[in-house]
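Line by line, the protein sequences are chains S and G.
Counting from 1, position 133 in the first sequence corresponds to residue 132 in numbering that gives the first Met the number 0; the numbering is continuous, with no gaps.
Counting from 1, position 217 in the second sequence corresponds to residue 216 in numbering that gives the first Met the number 0; the numbering is continuous, with no gaps.
A couple of the hints might just be wrong.
A pair counts as met if it fits within one copy or between any two copies, since identical chains are not told apart.
Claimed, not checked - Here are the computed lysine-lysine pairs in the BS3-like style, where the Cα-Cα straight-line distance is at most 30 Å:
id: 1; residue 1: Lys-372; residue 2: Lys-30
id: 2; residue 1: Lys-338; residue 2: Lys-23
id: 3; residue 1: Lys-415; residue 2: Lys-252
id: 4; residue 1: Lys-30; residue 2: Lys-415
id: 5; residue 1: Lys-1; residue 2: Lys-120
id: 6; residue 1: Lys-180; residue 2: Lys-338
id: 7; residue 1: Lys-120; residue 2: Lys-30
id: 8; residue 1: Lys-398; residue 2: Lys-180
id: 9; residue 1: Lys-338; residue 2: Lys-398
id: 10; residue 1: Lys-23; residue 2: Lys-252
id: 11; residue 1: Lys-215; residue 2: Lys-4
id: 12; residue 1: Lys-94; residue 2: Lys-30
id: 13; residue 1: Lys-383; residue 2: Lys-4
id: 14; residue 1: Lys-338; residue 2: Lys-30
No lab work stands behind these hints, which were simulated from the structure alone.
Small disclaimer: the values here were computed from a predicted structure and weren't measured.
Protein chains: 2
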Amino acid sequence: MKQIKIGLIGFGTVGAGLVETVQKNGDLIAKRSGILPVISKIADLDIVSDRGVTVADGVLGTDAMALIDSPDVDVVVELVGGITAARQFVTTALKQGKPVVTANKALLATYGDELFALARKHQTEIYFEASVGGGIPCIKALREGLVGNRIKEIYGILNGTCNYILTTMETDNTGFEVVLKAAQEAGYAEANPSMDVDGLDTAHKAALLASLVYGKWFTAADVDVQGIREVTLNDICYADSLGYRIKLLAAIKDIDGYIQLSVCPSLIPESSLLGHVNGVYNAVRVAGDVVGTTLYYGRGAGREATSSAVVADVVDIGLNLLGNCSNRLPAFPVFEEYKGLIASDEVVSRYYLRLQVADQPGTLAIISGILGKYQISIASVTQKEDQQLSVPIMILTHKAKVSAMRQAIEEISREKSIHAAPVVFRIEDLA
Amino acid sequence: MKQIKIGLIGFGTVGAGLVETVQKNGDLIAKRSGILPVISKIADLDIVSDRGVTVADGVLGTDAMALIDSPDVDVVVELVGGITAARQFVTTALKQGKPVVTANKALLATYGDELFALARKHQTEIYFEASVGGGIPCIKALREGLVGNRIKEIYGILNGTCNYILTTMETDNTGFEVVLKAAQEAGYAEANPSMDVDGLDTAHKAALLASLVYGKWFTAADVDVQGIREVTLNDICYADSLGYRIKLLAAIKDIDGYIQLSVCPSLIPESSLLGHVNGVYNAVRVAGDVVGTTLYYGRGAGREATSSAVVADVVDIGLNLLGNCSNRLPAFPVFEEYKGLIASDEVVSRYYLRLQVADQPGTLAIISGILGKYQISIASVTQKEDQQLSVPIMILTHKAKVSAMRQAIEEISREKSIHAAPVVFRIEDLA
């Protein structure tokens, strides 16, 4: 049995959760794995607040750099969040050959290339299970469990806040703004919710998953992103009436060797497993050429779920230290198993289109004429009866290129009978 | 980059699938992991049949013992099935210090204790991802991804044949016998389907999962087993009308430190994720004290799914060989993290009860009287209208001990107005 001494940088909610988990289940972990994780040092600017956990004297301090230097730290766990300081801490640790565990998807999606190169150079490692899917061991599944598969596609519900908002809009029959406000008050959404609801957090995670699978470090800039602010209760109800749920869906697809990376509100069949992933839960659906379709589900964020993933990473590193086999599993091997990214305009999809139009003869004919001009064929259309002068029209299309849909939307928007900017989501007919 | 030379014993459907996977994706696996798996030797009694894959001259032979001895074999993959010969092959390999990969749940559930002791003694290892959940990396999730969790409960749909039969009964509105026959003709069920439909295969897998989680080697004899032969189309339709699906469910629960191990037809909510696991797919739902509820889904058997899991195990072993860290992760550490098994009579559950009764006044009063005598309270009851003298009554109960239900059933069965042996399934109100 070997102690692995953790140096924890960042004593916030998740940091305190890690301390609690190690204290509660450390002995069991040691019995199972031979590795006893111990919280050796903690660094945080705030050494006063009560986190609901007790640590021994001398463990908590403010100096993260001294923590990294300490001979009493075998592995550095970075839980500060943000990019600038985190990058400095991780870089310093790696340069000293100290392995790092991080839950920081923004850091990895932005500087992963640089950090993994540094880890390789100094023969140490970065583990990052908690960065995607919270407590779900989906990074491990992709890197190890499915190592024998060429990955054909990944669909992910990767942001708990968005999924909570969309689910609650449906269950409580309430609009986006009201649910967002309630979520903020309940602590499910940040005061500034942009990272979540505008899709960037999901894009970071999608970039990470794509990188692992296709062997090139993608960043969020490679991902076509649309957030959930435009999703209305009407959209959700209409989708429901057609057997669909609306989810903020990350899609990573290998289409004849070219990679599609996108994050957008998507209609998925109510009968699918992903369609039943509700509330703050996340899921990753991975299709491999050998294994077929697999799916991984669990809590996508939060103190406990994140701790579970971080502890697993610490044990993995501990086993490597114990067995003198650091870098046993290449953290991020570059192999570029793809021909190129598909430009966002070239992506082919089915679409859900919502228009607010004048309730007057000929409007639908104009819209369908423009769609037809761009070779977009209509699968179904519903015009809601209303007492207003302005009525919503919902259209589901067959497959078409994004470029065609963008051009059609631009032309439709110029029509006088269109009263608001058209809204476009995607449809993914996954099983 | 290191070649790992596979000695494959058993060139049947799955064996040929492994050869195909290694040939197709070997280079990609090498790029990702640094391990190039190579089929070095194959042993099978039949060296004539066409398996649809080509192997080099000198690879295929009949002598499994010579294969194990060969210096050209780094890892022995046992895919013969059955217990006797497989045990001999695995034992011989381990005694030579050669690591073993197996998909053989019956072997492990029966002789796991002995085989893991042998692996420890000879400082080598056994990997067995394919033994539960086919291609789903659920063993890895339990051993590694959730290592920081005390596991509170596991529910599993672990037998593809049973799940295919139950799903098809519902979708095709057809009885058990007809669906079983069609499944046999389509190759989804064995000529002798007993291992599957009588629940023993699921019990083997449940014993394996429980062993990993609670640190004692359980066998199928420790599992309370009921198969699916008694499930009728009527049961499925009635359950459906109440919002339930019927699944052959493995339940592994830690109840105040005591362990419940059971496999039986169970009504689970139609709204749950497990309720949407259909056809030959499997799923394992694991609740940990830190991570909360997680779920792992995929194909539970078959040539490709099994190959995917076997290749992942081979790569894990290859990484250990490359890093000189065999036994990096203890294959099966004994830690007995539980107080004892709950005797099957002491298990507490809700029940679904189907009776065939005389259509005469007072019958329901007699039944509810007997249930009441054993403190079993009724949650709902339906008596179907029928033109027959004999009508079905379906009862859902609240929680009660198995012993109470058994006594009540025995007493009910003695009543003249009861026309057939009562049928009892369980209800699991999982989310």
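A quick look at each hint next to the structure:
1. Lys-372 with Lys-30: Neither, since 68 Å and 46 Å both go past 30 Å.
2. Lys-338 with Lys-23: Classified as between: cross-chain Cα gap 19 Å, same-chain 48 Å, threshold 30 Å.
3. Lys-415 with Lys-252: Cα proximity of Lys-415 and Lys-252: none, with 38 Å in one copy and 64 Å across.
4. Lys-30 with Lys-415: Neither: 72 Å inside a copy, 57 Å across copies.
5. Lys-1 with Lys-120: both (26 Å within a copy, 20 Å between copies)
6. Lys-180 with Lys-338: neither (44 Å within a copy, 47 Å between copies)
7. Lys-120 with Lys-30: This pair counts as between: shortest inter-copy Cα distance 18 Å, intra-copy 33 Å.
8. Lys-398 with Lys-180: neither (36 Å within a copy, 40 Å between copies)
9. Lys-338 with Lys-398: within (23 Å within a copy, 58 Å between copies)
10. Lys-23 with Lys-252: between (41 Å within a copy, 20 Å between copies)
11. Lys-215 with Lys-4: Cα proximity of Lys-215 and Lys-4: across copies only (29 Å, versus 32 Å in one copy).
12. Lys-94 with Lys-30: Answer is between; shortest inter-copy Cα gap is 25 Å, intra-copy 32 Å.
13. Lys-383 with Lys-4: neither (63 Å within a copy, 65 Å between copies)
14. Lys-338 with Lys-30: between (46 Å within a copy, 16 Å between copies)
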